[in-house]
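With chain A fixed as given, assemble chain B onto it according to the hints.
The lines below spell out each chain.
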Amino acid sequence: MNNRLIKSGIKAFALTSVLALGIAGCASGTTESASTEEETPAAEETTEAASEGLRIAIMPKAINIGYFAAWDEGAQAACEELGASCDYIGPNEATGPAQVQFINQVIQEGYDALVISAADQNAIVPALEEAAAAGITIVTSDADVAAESASARLVSILPSAADRIGTAEVDWVAEEVGEEGSVAILSAAATAANQNVWIAAMGPYLEATYPNMSWVGGSLDSAVFYGDDDATKSVEQFNAILSQYPDVAGIIAPTTVGVLAAAQEKKAKGVDVAVTGLGLPSEMAPYIEDGTIAKVGLWNPIDLGYVAVYAAVLGHNGEFDGAVGASFTAGETTYEVVEGGIAYLGDPFTFTIDNIATFKEIY
Amino acid sequence: MSRLSFSWDKGVALFLVLAVMWGTLVADNFANTSNLAFVLRDVTEFAIIALAMTFLIISGEIDLSVASTLNLASASTGFLFREGLPFEVAMVGGLLVGLACGLFNGFLVTKLGLPSLAVTIATLALYRGLSFALLGNQPVNQLPDFWISIGYGKIPGTFLPWSTIVLVILAAIAWFILHHTRFGRWTFAIGVNAEAAKFSGIPVQRTKMTLFAMTGLMSGVAGIVYTLRFASASPDGAVGFELSIIAATLFGGVSIAGGVGTIWGVLAAVFSLGVIRSALQLSGFSANSLLMVSGGLLLISVIAPRVTEALRNRKPAAAKTNTKKTLREVGNE
Numbered sequence: 001m002n003n004r005l006i007k008s009g010i011k012a013f014a015l016t017s018v019l020a021l022g023i024a025g026c027a028s029g030t031t032e033s034a035s036t037e038e039e040t041p042a043a044e045e046t047t048e049a050a051s052e053g054l055r056i057a058i059m060p061k062a063i064n065i066g067y068f069a070a071w072d073e074g075a076q077a078a079c080e081e082l083g084a085s086c087d088y089i090g091p092n093e094a095t096g097p098a099q100v101q102f103i104n105q106v107i108q109e110g111y112d113a114l115v116i117s118a119a120d121q122n123a124i125v126p127a128l129e130e131a132a133a134a135g136i137t138i139v140t141s142d143a144d145v146a147a148e149s150a151s152a153r154l155v156s157i158l159p160s161a162a163d164r165i166g167t168a169e170v171d172w173v174a175e176e177v178g179e180e181g182s183v184a185i186l187s188a189a190a191t192a193a194n195q196n197v198w199i200a201a202m203g204p205y206l207e208a209t210y211p212n213m214s215w216v217g218g219s220l221d222s223a224v225f226y227g228d229d230d231a232t233k234s235v236e237q238f239n240a241i242l243s244q245y246p247d248v249a250g251i252i253a254p255t256t257v258g259v260l261a262a263a264q265e266k267k268a269k270g271v272d273v274a275v276t277g278l279g280l281p282s283e284m285a286p287y288i289e290d291g292t293i294a295k296v297g298l299w300n301p302i303d304l305g306y307v308a309v310y311a312a313v314l315g316h317n318g319e320f321d322g323a324v325g326a327s328f329t330a331g332e333t334t335y336e337v338v339e340g341g342i343a344y345l346g347d348p349f350t351f352t353i354d355n356i357a358t359f360k361e362i363y
Numbered sequence: 364m365s366r367l368s369f370s371w372d373k374g375v376a377l378f379l380v381l382a383v384m385w386g387t388l389v390a391d392n393f394a395n396t397s398n399l400a401f402v403l404r405d406v407t408e409f410a411i412i413a414l415a416m417t418f419l420i421i422s423g424e425i426d427l428s429v430a431s432t433l434n435l436a437s438a439s440t441g442f443l444f445r446e447g448l449p450f451e452v453a454m455v456g457g458l459l460v461g462l463a464c465g466l467f468n469g470f471l472v473t474k475l476g477l478p479s480l481a482v483t484i485a486t487l488a489l490y491r492g493l494s495f496a497l498l499g500n501q502p503v504n505q506l507p508d509f510w511i512s513i514g515y516g517k518i519p520g521t522f523l524p525w526s527t528i529v530l531v532i533l534a535a536i537a538w539f540i541l542h543h544t545r546f547g548r549w550t551f552a553i554g555v556n557a558e559a560a561k562f563s564g565i566p567v568q569r570t571k572m573t574l575f576a577m578t579g580l581m582s583g584v585a586g587i588v589y590t591l592r593f594a595s596a597s598p599d600g601a602v603g604f605e606l607s608i609i610a611a612t613l614f615g616g617v618s619i620a621g622g623v624g625t626i627w628g629v630l631a632a633v634f635s636l637g638v639i640r641s642a643l644q645l646s647g648f649s650a651n652s653l654l655m656v657s658g659g660l661l662l663i664s665v666i667a668p669r670v671t672e673a674l675r676n677r678k679p680a681a682a683k684t685n686t687k688k689t690l691r692e693v694g695n696e
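Note that the protein sequences, when read in sequence, are chains A and B. When we follow the working numbering, the leftmost residue of the first sequence carries the number 1, and every step to the right adds one. When we follow the working numbering, the leftmost residue of the second sequence carries the number 364, and every step to the right adds one.
By construction, these hints were calculated from the structure, which means they are not laboratory data. Bear in mind that the values here come from a model prediction, so they are computed numbers and not experimental data. Treat each hint with caution, since some may be false.
[Stated by the list, open to error] Pairwise CB distance ranges, derived in the manner of DEER restraints:
1. A:Gly-291 x B:Gln-501: 49 to 59 Å
2. B:Asp-508 x A:Gly-340: 16 to 26 Å
3. A:Ser-219 x B:Arg-545: 54 to 64 Å
4. A:Thr-352 x B:Leu-388: 53 to 63 Å
5. B:Leu-459 x A:Ala-147: 29 to 39 Å
6. A:Pro-286 x B:Ile-532: 14 to 24 Å
7. B:Asp-508 x A:Gly-291: 52 to 62 Å
8. A:Ala-208 x B:Val-602: 18 to 28 Å
9. B:Lys-474 x A:Ala-208: 50 to 60 Å
[Stated by the list, open to error] Computed list of chain B residues with no C-beta within reach of chain A, every gap over 10 Å:
10. Lys-373
11. Arg-445
12. Gly-456
13. Val-670
Cβ coordinates follow ideal geometry from the N, Cα and C atoms, glycine included.
The following block holds chain A by itself, in its conformation from the complex (with noise of 0.2 Å):
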């Protein structure tokens, strides 16, 4: 009897997820394809000379983001100035086993450069390795490996020194709840990289730059909830914090998927507590425009792919060697290489019902 029961139950298990598996499948298999591969017309400069025909694999953590998209057209804009091919490859799921599979798909079909956001600092070292041993030019972009394994790449591109990203996303709650009140932190994984380091930098900014201000729970360890970057685990979490701390005042959502879960589940729920994070003005316009977010910032994915590849391409004619001090022309801006083999953009940009209008048209 009993073990009729768990046969079954085997059965049924099977059966749905396999059926949901198969239809997650279908949902997302309507996205439409992510690769491009138009040869670009040929142009002027030097470097452009020595590019053509060069083939780059633009890979993001996962596809089917936006902001990744938006990072992609930056990369897409720099390959069409330098006559490069480049194709936009990589994993649905951002983790760095799976990019681990993209990566050796590179290697495997023997790409000149390649231009990555890490969805993990460390997962995906030893194949990144295995593709320099290859002869792969190879760039971070948005997300960085391991400090330890800084070698495993020729520079990495990077938005703005990491503790600014925390500290600014600090000011914007702040000065929303009059800088008074708790606040608690919906990020991404646990294990996301990015969004650890920038949380670490809130942490002791808040509590020396605003004394009337703390974090729910007491210390920064309780306040941050992890959304996993998924739409649905963001909405419970978001409903999680409001739960257990019904007095909060303001939450902090430092990733994409984050804070628009919490824009729709503020707005459908009506509660009162003030969002902000890190955002796309094109998925969260809607929310600036009726009020629902006051202001949420970003760097311009944009730039980080136009400069990546870049670095890639003129790293690859050995025109820039990716060592501290060194320096390289992105279009018209000049980039250094600063301490870690890293160049940074600048600071972050924020988006308000002033310009919302204009650049939801962009990304």
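Positioned in the frame of chain A, the structure of chain B alone reads:
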């Protein structure tokens, strides 16, 4: 009966050969040793766990916690290493943790008589939670260079990853035990009819306990391979692996109802999935289309063996239905 089950396995092997031929035709960079090495590396963890899962499903049980066990073994290894133990000791610790996970599942199923489906759904969450408790949100990296080179490097003079040796040895042992020992025959007998097996003197509970322990240990081995391959231990690794492992096991001809299956059928199935994925990827399919195809394959993998099984068991199945009907009728009266 055995003739038909044999042909399903042969079908899977044929499927693998066709998949390789098809990959060679559609993708330029498919048929070479470096790609074979990538495929091998990608499927080794699945294959190692599938070996044990084969026994378990044949015996009529299942373990859904294997991916969490894999990751807990990995996390434990990383944790012990971070706490200052030599890496070799930490790896042994990771294996023991895997074994302990399996024993705990086995204890709940055999001693407390709980259904393995329910038990291992619970421990799937429990073991994952323990990974997070051990490591916090700090992955462990900076493993010794020697072991990283084992994890990612190749056997000198060949294109084969080191983990392939582990897989070959374990597969040979699993094949021998399942198909050539009394323990293997017990496993089948329990899956066909646990009551009858018990009355014919087979130590049913002890055998099941051993199978759960073995599955935990194999998940631990896969956890070590995984740790070395990605040169790190993180709390959120290997999420969702159990689905692929179970699907590959079923695709390989193991009956979800128990009592039927072969090691080599399962290995052929695991490799088929790896080969198809690689061929699709190299012929330009995006991750989205890959998900669709793997979803479809998994669906086939569950439906197809059940269809053949249904055909094979038409008579006994009909008899069973009759019995049920009779019982129900009796109940109604």
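Evaluation of the provided hints:
no.: 1; hint: A:Gly-291 x B:Gln-501: 49 to 59 Å; verdict: 39 Å, violated
no.: 2; hint: B:Asp-508 x A:Gly-340: 16 to 26 Å; verdict: 21 Å, holds
no.: 3; hint: A:Ser-219 x B:Arg-545: 54 to 64 Å; verdict: 59 Å, holds
no.: 4; hint: A:Thr-352 x B:Leu-388: 53 to 63 Å; verdict: 56 Å, holds
no.: 5; hint: B:Leu-459 x A:Ala-147: 29 to 39 Å; verdict: 32 Å, holds
no.: 6; hint: A:Pro-286 x B:Ile-532: 14 to 24 Å; verdict: 59 Å, violated
no.: 7; hint: B:Asp-508 x A:Gly-291: 52 to 62 Å; verdict: 56 Å, holds
no.: 8; hint: A:Ala-208 x B:Val-602: 18 to 28 Å; verdict: 37 Å, violated
no.: 9; hint: B:Lys-474 x A:Ala-208: 50 to 60 Å; verdict: 56 Å, holds
no.: 10; hint: Lys-373; verdict: 23 Å, holds
no.: 11; hint: Arg-445; verdict: 13 Å, holds
no.: 12; hint: Gly-456; verdict: 20 Å, holds
no.: 13; hint: Val-670; verdict: 13 Å, holds
Violation of the numbered hints given earlier is confined to hints 1, 6 and 8; the remaining hints are satisfied by the structure.
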